[in-house]
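There are 2 protein chains.
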Amino acid sequence: MTLLDRVIARTLPAVPKTVVRRVANRYIAGETTDEALRVVADLNARGFRATLDILGEHISRWDQANRAIENYLNLLEEIARRKVDSTISIKLTQLGLKLDPQACLEMTRRLIRRAAELNNFVRVDMEDSSCTTATLRVYRELRREFSNVGVVVQAYLRRTLDDVCALEDLRPNYRLCKGVYVEPREIAYPDMRVINRNYALLLEKMLRNGSYVGIATHDEFMVWEAYRIIRELKLPATAYEFQMLLGVEETLRDIILAAGHAVRIYIPFGRDWYAYSVRRLRENPRLAGYVFKAMFK
Amino acid sequence: MTLLDRVIARTLPAVPKTVVRRVANRYIAGETTDEALRVVADLNARGFRATLDILGEHISRWDQANRAIENYLNLLEEIARRKVDSTISIKLTQLGLKLDPQACLEMTRRLIRRAAELNNFVRVDMEDSSCTTATLRVYRELRREFSNVGVVVQAYLRRTLDDVCALEDLRPNYRLCKGVYVEPREIAYPDMRVINRNYALLLEKMLRNGSYVGIATHDEFMVWEAYRIIRELKLPATAYEFQMLLGVEETLRDIILAAGHAVRIYIPFGRDWYAYSVRRLRENPRLAGYVFKAMFK
Chain A
1 MTLLDRVIAR TLPAVPKTVV RRVANRYIAG ETTDEALRVV ADLNARGFRA
51 TLDILGEHIS RWDQANRAIE NYLNLLEEIA RRKVDSTISI KLTQLGLKLD
101 PQACLEMTRR LIRRAAELNN FVRVDMEDSS CTTATLRVYR ELRREFSNVG
151 VVVQAYLRRT LDDVCALEDL RPNYRLCKGV YVEPREIAYP DMRVINRNYA
201 LLLEKMLRNG SYVGIATHDE FMVWEAYRII RELKLPATAY EFQMLLGVEE
251 TLRDIILAAG HAVRIYIPFG RDWYAYSVRR LRENPRLAGY VFKAMFK
Chain B
298 MTLLDRVIAR TLPAVPKTVV RRVANRYIAG ETTDEALRVV ADLNARGFRA
348 TLDILGEHIS RWDQANRAIE NYLNLLEEIA RRKVDSTISI KLTQLGLKLD
398 PQACLEMTRR LIRRAAELNN FVRVDMEDSS CTTATLRVYR ELRREFSNVG
448 VVVQAYLRRT LDDVCALEDL RPNYRLCKGV YVEPREIAYP DMRVINRNYA
498 LLLEKMLRNG SYVGIATHDE FMVWEAYRII RELKLPATAY EFQMLLGVEE
548 TLRDIILAAG HAVRIYIPFG RDWYAYSVRR LRENPRLAGY VFKAMFK
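Line by line, the protein sequences give chains A and B. Under the numbering used here, think of the first position of the first sequence as 1, with each following residue one higher. Under the numbering used here, think of the first position of the second sequence as 298, with each following residue one higher.
Because the hints were derived from the structure by calculation, they are not lab data. The beta carbon of each residue, even a glycine, is placed where N, CA and C say it ideally should be. Hints may be right or wrong, so weigh each one.
Unchecked claim - 25 Å max Cα-Cα, derived DSS-like pairs, lysine-lysine:
# : chain 1 : residue 1 : chain 2 : residue 2
1 : A       : K234      : A       : K205
2 : B       : K531      : B       : K502
3 : B       : K380      : A       : K234
4 : A       : K205      : B       : K502
Stated by the list, open to error - Computed list of chain B residues with no C-beta within reach of chain A, every gap over 10 Å:
#  : residue
5  : W359
6  : D397
7  : R410
8  : E438
9  : S444
10 : D466
11 : R482
12 : P487
13 : N495
14 : L498
15 : A536
16 : D551
17 : A556
18 : A559
Said to hold, decoys possible - Residues from chain A that face chain B, not an exhaustive set, calculated with beta carbons under 10 Å:
#  : residue
19 : E31
20 : L161
21 : C165
22 : A166
23 : N196
24 : F221
25 : V223
26 : W224
27 : E225
28 : R228
29 : R231
30 : D254
31 : A259
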């Protein structure tokens, strides 16, 4: 984290919710399934794939997890009914990972089975480092039974290269991102140059191992590195896709799409927009500048 | 472009010509052939090669192109007569590329033929992205007939890696530079880290393909990358040269020469010094600082 990031991370809790909300409107596809699916249809029409994420994480009661599963099952049906091109992304803490990993696994299994029946795909998202081991364990269990499930790894974690080596036998469908949670130095590389180099190393390793990779980045530098690796390995455009968040770096995503690569937009929606928005703010100093202006106006 | 670049680019048109002129004196070897050839002789005496560029671009009438060709033909004769070590560099828009590409090709052919008779070499310069395709097309035609013609590619263009792949069969004599025109993001990488990585990748590709490369850079980082690649490929000092502009990074050019590498200085001269000087200013914020000081003094 740069000094600026630290300042932002410390200041953010003091930002009024109304201001975060104003910023959030750009990154979140509304509160309802209907609003979100209209955003998906619009992006599909412009050539983008989508993945839908119902916001929410770190629940404290099981009824919350049950509600989340019902919402996701309903979302899968609606995706199929409307014939839009979208997968779903889930966070295991929203499905009770911290309450009972075994129960969480069983709930998630139910979701993935239904997705398989509907010919859809479930991305198991990665959260802060307190969830990494448990999430990878659940993923391994699920991957034994299903092929329509993918995982996420974060290039900023010191452990990730080991994790990727350990997962090689599963040839996972990956999303590779830099990582956006605030982590201690012992756990995550603080130096962006290291993270960038690690990202490229991980990407090459995954692709060489035959994994399909969702190259999740908004950084033109990483896009260039990905192009270089793709070219070097002579990969067809079906072996990977680029992934970007809704509302971020739209010019770059258009450039990538126009160059003939698949691009999937990660679309969060739902009522629990606050934690997600704060992370988006934290990683984007320019946005934070906007927030500061809005606060003092 | 960084924010500073944008500020400079917007401010430059407001800089009085007299101020640009003062800065230009450092980068331009006078207005006449005689002045320029004295600068060449002086650089030769210190161990540098040269290439001469008669300033002027984007002409609007054919008589201007005819005059430019006559000036270049005369320059070739003078280089031979005085036995100085200098090639010539031409800009195709100065020879009517935008008026009539076919007529431009024929004019250029005449020049290159005369250069071949005099055992000299013609570098076809690269200009803004509106000229890239046409310039490469003219180059390909000329290269079929002549071996004493080279081309320039710019590492900041997204298309350049494809262009270099497409030119492989010609094994071109290249000048590789970063690129200095203001281009939209869809066309050129805005991120300097990407441009640097791309530069190194292109350089290695060209050298591996057996091309002679003029490594045109004032950036010590790129010089280091070039050294690394040269060493890795075990290239003799005859397989490449470094190239720098007159008046820029003179300490670095002396260091490179002293290390046993050939260094060619690009020497612009002539009456049309304005557009060239503005580009030099734009790419060098330190220079721009000098200009601002000069303006408000």
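Exercise. Hint by hint, work out which the structure violates, then give me just those numbers in ascending order.
Key: The structure conflicts with hints 3, 11, 12, 13, 14, 19, 20, 21, 22, although it agrees with all the remaining ones.
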